[in-house]
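Novice: Taking the hints into account, I'd like the entire structure generated from these sequences.
Take a look at the letters that make up each chain.
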Amino acid sequence: MVSLSPKKLPSPDVTAGQLEQGHSLWHDAWIRLRKNKLAVIGGALLITLALLCGFGPFFAQAYYEQNLDLGAVAPCSAHWLGTDTLGRDLFARLLYGGRISLTVGLVATFVALTIGVTYGAVSGYAGGKTDAVMMRIVEIVAAMPFTVFVILLMVWFGRDIYLLFLAIGAVEWLTMARIVRGQIMTVKRMEFIEAARSLGLSNARIIFRHMIPNILGPIIVYTTLTIPSVMLLEAFLSFLGLGVQPPMSSWGSLIKDGAEKMEEFPWLLVAPGVVFSLTLFSLNFLGDGLRDALDVRASKD
Amino acid sequence: MLRFIARRFLETIPVLIVIVTAAFFLVRYMPGGPFDSEKATTPEIRKNLEHYYGYDLPLYQQYFKYVGRALHGDLGISMKYLNRTVNEIIGDKLPVSLELGALSLLTALVIGLPLGVAASLRPNTWLDYLSSGFAMTGICLPTFVLGPLLVLVFAIHFGQFNASGWFEASDRVLPSLTLGMYYAAYIARLTRGGMLDVLNQDYIRTAKAKGASTTRVILKHALRGGILPVVSFLGPAVAGILTGSFVIETVFQIPGLGREFVNSVSNRDGSLICGLALLYATFLIFLNLLVDLAIAWLNPKLKFE
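If you read the sequences in order, they're chains A and B. Using my numbering, you'd call the opening residue of the first sequence number 1 and step up by one each time. Using my numbering, you'd call the opening residue of the second sequence number 1 and step up by one each time.
Note that these hints are calculated values from the structure, not bench results. These figures come from a predicted structure and were not determined experimentally. Do not take every clue at face value.
[Said to hold, decoys possible] Here are some, though not all, of the chain B residues that point toward chain A, as calculated from beta-carbon distances under 7 Å: (1) Val15; (2) Pro142; (3) Val145; (4) Pro148; (5) Ile156.
[To be verified] Residues from chain B that keep clear of chain A, each with C-beta distances beyond 12 Å, as calculated: (6) Tyr52; (7) Leu57; (8) Thr85; (9) Phe161; (10) Thr214; (11) Thr215; (12) Arg216; (13) Gly225.
[What the hints assert, rightly or not] Restraint ranges, calculated between C-beta atoms of paired labels, are given here: (14) B/Leu290 to A/Arg136: 16 to 22 Å; (15) A/Arg136 to B/Ser213: 45 to 51 Å; (16) A/Thr130 to B/Val231: 28 to 34 Å; (17) A/Arg136 to B/Glu50: 33 to 39 Å; (18) A/Trp30 to B/Gln201: 32 to 38 Å.
All residues carry an ideal CB built from backbone N, CA and C; glycine is no exception.
Specialist: Following this line, the structure appears as structure tokens:
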């Protein structure tokens with residue numbers, strides 16, 4: 001038999017002092033990330049590299065300063081990483097190249113992020129025919145051979161590195177759009193969105209104020225993983241001679257120069273190759289660490 | 001299922017139309033035309049050249065003529081090598097690129113699968129760490145760093161291989177290793193993850209309890225489910241190997257289609273750029289199609305979405 005007498009509710013007599021200290025989602029993620037040694041090492045390396053490339057050139061020799069009498073010398077105390085065939089200090093060139101490579105990575109990723117998030121959010125939120133058409137467009141663009149696309153753009157607009165940023169960003173937004181669309185579609189059916197809609201909020205406000213903050217985790221993780229692929233694409237183009245043009249140098253073009261002269265001067269290949277790979281290592285480890293730390297589905301608690 | 005295939009197949013048609021249109025007009029309006037050379041050409045010669053390539057026709061006629069020919073598999077005449085058609089060049093160079101691609105994919109599978117399986121059988125031991133370390137190294141070392149480094153060490157320093165060329169069997173080793181390494185790393189990682197998911201499942205325990213040998217359990221029972229992630233990775237992998245050959249063929253001086261494509265851009269060889277772009281795009285589209293079909297076939301849940 002079911003008792004019909006009213007149940008006494010537990011009285012809310014918990015005092016403030018006994019309340020358990022709450023942790024925000026971000027705080028938990030930060031603690032989990034700190035436990036991941038490789039991610040921490042990666043992060044520290046990246047900060048060091050960014051500081052070196054950002055401020056180092058103020059103290060080092062100018063990257064274009066030639067010394068033809070000196071020619072190419074192996075690493076020594078005056079030139080830590082040696083010099084190239086024109087007597088230019090490789091360390092200084094690496095720092096400058098890093099500025100360009102890292103800037104391309106950040107700016108192009110930002111372009112990709114902006115386009116991808118907006119596009120994916122609109123597509124996922126609208127649903128139906130709009131969604132089908134928008135996703136078909138993504139498929140068409142994804143089916144374009146991206147190298148051809150970027151190369152043709154480079155041929156068209158001259159060799160301006162800002163256009164390189166845009167061209168790379170315009171290629172890399174596709175995956176972001178797909179991820180955001182998928183996330184939006186799951187969030188869309190939740191009650192708080194219904195509540196927001198019943199309050200009469202505009203669609204744009206619902207998307208950007210209520211949905212995006214709730215899918216920030218995957219966006220951050222994927223952004224971290226986009227940076228290395230963007231830098232790789234830039235280096236790929238520069239290696240084929242279609243990216244950054246001399247006298248400027250990115251890590252990609254330094255690797256290209258090094259590969260051409262490695263028989264006599266191997267350090268010209270080894271130094272930029274190692275620095276570039278280390279950067280990719282760090283970004284990938286940091287991205288993986290962030291994914292483990294932020295991805296609620298994967299974490300046990 | 002048949003409807004899904006038909007729908008997916010029909011969907012590729014607009015994609016192809018967009019690509020052929022974009023490629024045609026981007027190349028047609030490319031600054032620095034194919035007939036601008038250092039040697040001054042007389043207006044008569046130029047006119048003759050333009051007539052030869054049909055550049056004197058109205059634009060829409062050129063476009064439809066190109067599309068019509070492309071549909072019959074005729075991609076026109078090269079603008080750099082005046083007496084060669086694009087089809088001849090493709091026929092010449094494609095086999096080399098295909099051989100390189102096939103060998104690289106084989107390398108990737110032969111290295112990646114066993115490493116991933118080994119790591120999944122002994123998780124969190126030195127073997128696992130070794131495999132993960134290899135995977136991370138392979139993923140972070142770009143081909144244009146790894147390739148020259150391998151040449152530096154094995155060709156120049158130890159003199160075991162030729163630094164470039166595509167003549168002897170030994171010339172195949174370094175390029176396929178370089179191109180395959182990244183995918184080997186990825187496959188090792190995916191195999192490990194997939195196998196770990198499968199190995200904890202009941203049917204594996206059942207198989208063990210019934211007295212199946214470890215080899216049999218792994219090869220016959222676990223691997224079937226464990227390599228599913230690898231199967232869906234094969235599509236992007238083949239596509240990546242296709243474009244990755246641009247760099248490899250440049251580094252190792254291999255006379256393949258990838259190098260021809262990069263050269264065609266600096267030569268401003270319009271018909272070759274357009275034709276190769278079309279070829280690569282068609283290839284990639286049908287690859288995507290195949291992967292989608294394979295995934296739908298392997299995973300019934302996706303069939304009705």
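Novice: Return the numbers of the hints above that this structure violates; sort them in rising order.
Specialist: Per hint list: zero violations.
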